[in-house]
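Enquirer: Just so you know, the protein sequences line up as chains D and A, in that order. One point on numbering: in the numbering used here, the residue at position 295 of the first sequence is 295, and numbering is uninterrupted. Remember, the numbering used here sits 1000 above the position in the second sequence when you count from 1.
Because the hints were derived from the structure by calculation, they are not lab data. A couple of the hints might just be wrong.
Said to hold, decoys possible - Computed list of lysine to aspartate or glutamate pairs in EDC-like fashion (alpha-carbon distance at most 20 Å, straight line): (1) A/Lys1421 <-> D/Glu606; (2) A/Lys1435 <-> D/Glu586; (3) A/Lys1435 <-> D/Asp607; (4) D/Lys508 <-> A/Glu1431; (5) D/Lys526 <-> A/Asp1164; (6) D/Lys232 <-> A/Asp1191; (7) D/Lys178 <-> A/Asp1169; (8) D/Lys508 <-> A/Glu1422; (9) D/Lys526 <-> A/Glu1377; (10) D/Lys523 <-> A/Asp1116; (11) D/Lys232 <-> A/Glu1120.
Stated by the list, open to error - What follows is a list of derived Cβ distance ranges for each label pair: (12) D/Glu293 <-> A/Glu1118: 50 to 56 Å; (13) D/Ser479 <-> A/Glu1118: 38 to 44 Å; (14) D/Arg64 <-> A/Asp1058: 18 to 24 Å; (15) D/Gln290 <-> A/Arg1268: 58 to 64 Å; (16) D/Arg624 <-> A/Ser1141: 39 to 45 Å; (17) A/Gln1453 <-> D/Arg488: 53 to 59 Å; (18) D/Glu506 <-> A/Leu1469: 42 to 48 Å.
Beta carbons are placed, not taken as given, at the ideal position from N, Cα and C, and that holds for glycine.
These are the residues of each chain, in order.
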Amino acid sequence: MLDCGLDTTSVLNFLPLPLVHSPRLSKLPGWVSKDGTLNLEKELKECTGRVFVDSQPEFCLPERELLDLSTIDVILISNYHCMMALPYITEHTGFTGTVYATEPTLQIGRLLMEELVNFMERVPKAQSATCWKNKEIQRLLPGPLKDAVDVWTWKRCYSMQEVNSALSKVQLVGYSQKVELFGAVQISPLSSGYSLGSSNWIIQSHHEKVSYVSGSSLLTTHPQPMDQSSLKNSDVLILTGLTQMPTANPDGMLGEFCSNLAMTIRAGGNVLVPCYSSGVIYDLLECLYQFIESANLGTTPFYFISPVANSSLEFSQIFAEWLCHNKQSKVYLPEPPFPHAELIQTNKLKHYPSIHGDFSSEFRQPCVVFTGHPSLRFGDVVHFMELWGKSSLNTIIFTEPDFSYLDALAPYQPLAMKCVYCPIDTRLNFHQVSKLLKEVQPLHVVCPEQYTQPPLTQSHRSDLMLELQPPPMPYRRCSVLNLPFRRRYERVYILPELANSLVPSEIKPGISLATVSAVLHSKDNKHTLQSVPKPPPMPPSKKRKRVIEEPPVVLAPKPLLSGAVPLEAFLATLQKHGITEVKVEETADGHILHLQAEDTLIQLEEDGTHIVCDNNEPLRTTLRDLVLRFLQKL
Amino acid sequence: MLDCGMHMGYNDDRRFPDFSYITQNGRLTDFLDCVIISHFHLDHCGALPFMSEMVGYDGPIYMTHPTKAICPILLEDFRKITVDKKGETNFFTSQMIKDCMKKVVPLNLHQTVQVDDELEIKAYYAGHVLGAAMVHIKVGSESVVYTGDYNMTPDRHLGAAWIDKCRPDILISESTYATTIRDSKRCRERDFLKKVHETIERGGKVLIPVFALGRAQELCILLETFWYRMNLKAPIYFSTGLTEKANHYYKLFITWTNQKIRKTFVQRNMFEFKHIKAFDRSYADNPGPMVVFATPGMLHAGQSLQIFKKWAGNEKNMVIMPGYCVQGTIGHKILNGQRKLEMEGRATLDVKLQVEYMSFSAHADAKGIMQLIRMAEPRNMLLVHGEAVKMEFLKGKIEQEFRPLPDPKKPRTMHGTLIMKENSLKLVSSEQALKELGLNEHQLRFTCRVQLQDPHSDTDTLHRIYTHLKSVLKGYTIQHLPDGTVMVDSIVIKVSSSAEDTNTKVLLLSWSYQ
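Take the sequences, apply the hints, and build the full model.
Expert: Below, the structure written as C-alpha cells:
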C-alpha cells in the first residue's frame, strides 16, 4: 500500500468546536427544509446561508472495501501528512503487515496525530449526528452537503491508544537504505525535498523498477534536497502529490505573508496564522527571524500554540541528518540547525500547549499567533477566530494549501477581520514535473486523473496539466490498473566452481551459449546454482551407519541441435569416409540420399535429418557423427 | 581501509600505521577505494590526519555525523598534548586536521552508499560511543561486516548494537571482552559511584580528569542520576572546556542515544545537567567535599593539573583516571604508582591522595559477540582487537555453537542454456535459447527396420509387443497410442506387414538423437 492519507476536507462540512462556550455558534438556527417536511434542526445548523453538521468532525477515509486489508504486507509512507489515516487501516482490520517510514516522518507524524486527537478529545461532543447521512435525506439537503461522497464511511477521530498501536507497526528506514521484502523485491526511500524525512520510494526487483514519487519539492527549504538521479530507468513511475497551488509562487507568497503581517501589526492589529505544527511553519519562523529586525517588529510577541508546539520545535533541531546541507553543517559547530531556537531564547517566540494556563496570563496584543487546525474547525484557532473576527484591524493569513479559505471561513461569517490568502505549497508544479520526467525518462507514468486535464476553473490553462508521450495512465478512486510490465526473469547466482566448468561456444558474433546442468538452491527467494555433487565415496571403515542422503538424480537433458546440413559439403564428407554410391533425389523439403551399397536412406531437410538404417550400428554411428559435424549442439 | 587509529603506547613511528605496507612510493589514493572510520576514539581515528595530509590520501573518508562532529575536537586535543606539551615535531598541525575533515563524507545509519561502481557500504548502530557504527561492505555477491567497537546491551545513554541478517562472508568483530560474560560495565559503574560516594562522605574531594567529549558526558549522566537518587548535596563542577558546547553535541545528536533518552528529551534533556555546575578556579580552595570534572584527561597541563597540585597532598582526596594516559604525563606516572613527582623548578610534589583507574568502555562481551553472530549469520568470523589467548578461547566457543546446518530442502537439478551477450548473462531453457537467437531446432532421427515372423494381425502383433515390453522394461513409460504406435519413452514402434508375406512383420523403430 502506497501511503495512507486522510481526507480532512470533510471536516469543512461541520461546525467549529469552540474551546469555550460560544454564544454565537450556539444561537445558530437549526435547519428545516423549505417546505417544512424535513426537520433536522438538532443535527444541522445554518450560518449565512450555509448548512453545517453540528457534531464531532469526521474524516473521509481511504478506500477500505475494495480489498481485504489483512492481506496487505507492507505500507510505504512518503511523508508525515500522508500517514494520518494509519490507525483506520492497521487497527481492527486484521492488518498484520509492516509500515515503513523514516524517523522524522514517524516522530512528526506522531505529533500531528497526537495533536488531532487532543483537539477532538479536549471538547467532547456528547451526540453524533447520523440522520443526515441517510441517503434519502442527504439527497434533499442543500449543497455542498448534498454532494459529499461516501458520507456513511466517514469516521470520527481515532484514540491515542489506536495511534500508539498503529505506530508500533512502523519500521524505521533511512534514505537510500535498501530493504528486502521477502527476497522478492527491494524497496528504498529517497529524499523528496518536501518535508523533514519525506521520501519517494523505489520498488525494484533485479529486472524491473517502479518509482513512487509523492510530495516532492525542488525548492531549497529546510529538508534535504530531492534525490532525482535514483529515479532514472524506471519501468513505471507513479506520480502524485503535486502542488495544489500551481499558480502560486511560494517565494512570492512568503513575501506577501511578511508584508501583510507587518502592515497589520503596525496598524495595531493581531495576526492569526492557521497552520500545521510542523513543516512550512519552520520556514515561516526562519523568514520572520530575518524579517523581524528590518521590519521593526522586535517587540511584537510571536506565539505558537499547539499541544505539540514544544515537541515540534525541539524535534526539528535533532534531525540534522535529514536537513539541507546548510542546516546540517551547523551541528558541527555545534549550533541548532533552525534559528527558531534563538527566537525562543530571546523570548521573541513563545510556545504554549493551549490557550488555557500560562498563555492567558502572558498574552500581549498586538501579536502574531501560529496555531491549528488550518481547517478552522477545531483546535485553538477556533478561539482566536471568535476573539478577533469582529475587528477589521486583525488579519488572518492562510498559508496552508489544503483547504479552500472561503469554505474554512464560512461558519464564521459575517467577518470583519481581513483575510489574506497566501498558500505556500512547495511541491512540484507542472513545469517542474515535466522537466523532471524528461530527465529521469520513465517508460510509463501513472498519475491521478486530475493531472491529465487542466483544472475545472481554468480549463484554458493547458500548461496546468501533464502532457507526456506516451500519455500517462490515469487513475481515480477505486479504479483498477494493470501496470505495463511483466516479471520474467529472476537473478540466479552461479557458484565459481560451476562457472568454471561451463564451456561456452560462440553461436553468432558476440553471442555465446553454454549448456548448464546444475543444482538449484532457493532460499528466501534467493537462487544459487551449484555443480551437481558427485556421490561421496563410501568410507569403508565407517562403523556408524548413517543414512546417506541420496544424490539428486541427474537426468541428462535431451541435447538440442540447430542449423542445417548442407548437401554438397555432406556428400563430400561421405565420400571422404568411403561412401561413394549415393543417389540424390530432390524432394519438396530437401533431399533424400540413397546410400546404395549400404542400403541406407538419409533424408536431409532444413529442420531435420532422418537416418533410416537397418541393423548396422557402426554405420549408423558414423553417419550420426558426420551429421553432427554440421550442427550446433546445445 | 577500516579505521585509521593511533597506538597510544608508543612515542615513535610505531604510533601510526605503517603505510609502506600499502605502497612504497605510490600514492595511497591509488590503492584505497575509501577509508571508513567506525567511531571517534583515537585508537580508531587518531592517525587520520597523518594518513591523509602527511602520507597523502585524497579519496573519500566515511564516518557518521556525530563522529564527524566530535573526532576533530579530540584530534586537536591530542595534538596539543603531543606538540605543545611534549614538544614533539613531525606531528600533524591544526590546519591538517581541518583539511583532513574536508575529505569526510558523512554516513547516515542504514543508508546504502555507493562508493564506486562496485563497492557499496552501509552503516549500522554500534552502541559503544555516540555515533559509533558497524559497516557492511559489499562487492558483487561478497560482503564483509566490520564491527569497530560495539556494545550489545543498552547503557545509560546509548542503545544496543543492531544488525540485520545480512549474511556476510566474513564478520570482523572486536573481542576486547572475549572471555567476560557478565555485564561488566554495570559493575564498574557501581564501583565508581561507591568510590566517589565514600570520598564525599568522609569530606574528601574527587578530581576526574577527562577530555571534553565522550566519557565526560557519560560520567556526568552517571553522577547526575546518582546525586538525584541519593539526594546528595555536595557540589559537582565541570571546568572550562567542558562547557555547554560539548553537551550541546549530545543534545543535537539525541537520535543516536538510547530509546529512553530519545523518548523523554522534549520534557527533560539528559544532557542538561541540574546538579552539575560550571567551575571557577577559586572553588578549588573551598572547604568541604566536591567532585570536579576537569580537562585535560591526562593531567599534563591546564586546569586538571592545577587542581591536582592543590589536592594531591591530602589523603582524603581522590583522583579517578577514567581513560588511558600517554607515557610522560603525570597521569601515566601516578597510575604507575609514582608517589613523588618532580615539578617545574626542582619542586617535588608528594602524592598522598588516592589514585584510581577505571575503564568505562562499553564493549560486547562473549555473550554479546555470540548474539551478533546470530543476528548477522556470517559464513566466517575474524576476531580482532583483543588478546590472543582470549580470542583462541572464543574461537572454540564459536565453532562449538555455530555448526553449519544441512539444508533441509532437497536440491533440484536443472538444465538450461546460458546466453552470453556482451556483458549480460541469461539462463533460459534450451528451447527458449534457440528461439531468442532466431535459430531453428534441427531434428535428428533414426529409423531401423526389424523383421519378425508372426501370424497375427498387425494390431495384435503390436499389442503383443506392447504387453511384452511392459513386462520386460520396468521403470519406463510405455504407451500404446490409438494411432497404432507404441512409445517407449521417446522411441516409436510401428508394425506393418510385408507386402509378399503377411506372416512377416516389419517393425519400424524410430528414435531421436539423445
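Enquirer: CA of lysine 1435 of chain A to CA of glutamate 586 of chain D, is that 20 Å or under?
Expert: violated, 29 Å
Enquirer: Sort out whether glutamate 606 of chain D lies within 20 Å of lysine 1421 of chain A, counting only the CA atoms.
Expert: Violated: lysine 1421 of chain A and glutamate 606 of chain D sit about 26 Å apart, past 20 Å.
Enquirer: Taken at face value, is the distance from the CA of glutamate 1377 of chain A to the CA of lysine 526 of chain D at most 20 Å?
Expert: holds, 16 Å
Enquirer: Is the hinted pair lysine 526 of chain D and aspartate 1164 of chain A satisfied, with a Cα-Cα distance of at most 20 Å?
Expert: This hinted pair holds, its Cα atoms lying about 16 Å apart.
Enquirer: Could you tell me whether the CB distance from arginine 624 of chain D to serine 1141 of chain A stays inside 39 to 45 Å?
Expert: Holds, at about 42 Å.
Enquirer: Could you tell me whether the CB distance from glutamate 506 of chain D to leucine 1469 of chain A stays inside 42 to 48 Å?
Expert: holds, 43 Å
Enquirer: State, for the Cβ atoms of glutamine 1453 of chain A and arginine 488 of chain D, whether the hinted interval 53 to 59 Å holds or is violated.
Expert: holds, 57 Å
Enquirer: Between lysine 232 of chain D and glutamate 1120 of chain A, does the CA-CA distance stay at or below 20 Å?
Expert: At roughly 19 Å apart (the allowed maximum being 20 Å), glutamate 1120 of chain A and lysine 232 of chain D satisfy the hint.
Enquirer: Quick check: does the Cβ-Cβ distance between arginine 64 of chain D and aspartate 1058 of chain A fall within 18 to 24 Å?
Expert: violated, 57 Å
Enquirer: When you take the CB atoms of glutamate 293 of chain D and glutamate 1118 of chain A, is the distance between them in 50 to 56 Å?
Expert: holds, 53 Å
Enquirer: Within 20 Å, alpha carbon to alpha carbon, are lysine 523 of chain D and aspartate 1116 of chain A?
Expert: violated, 29 Å
Enquirer: Check the hint pairing lysine 232 of chain D with aspartate 1191 of chain A against an upper bound of 20 Å on the C-alpha distance.
Expert: violated, 58 Å
In summary, the structure is inconsistent with hints 1, 2, 6, 10, 14, 15 from the numbered list given earlier, while agreeing with the others.
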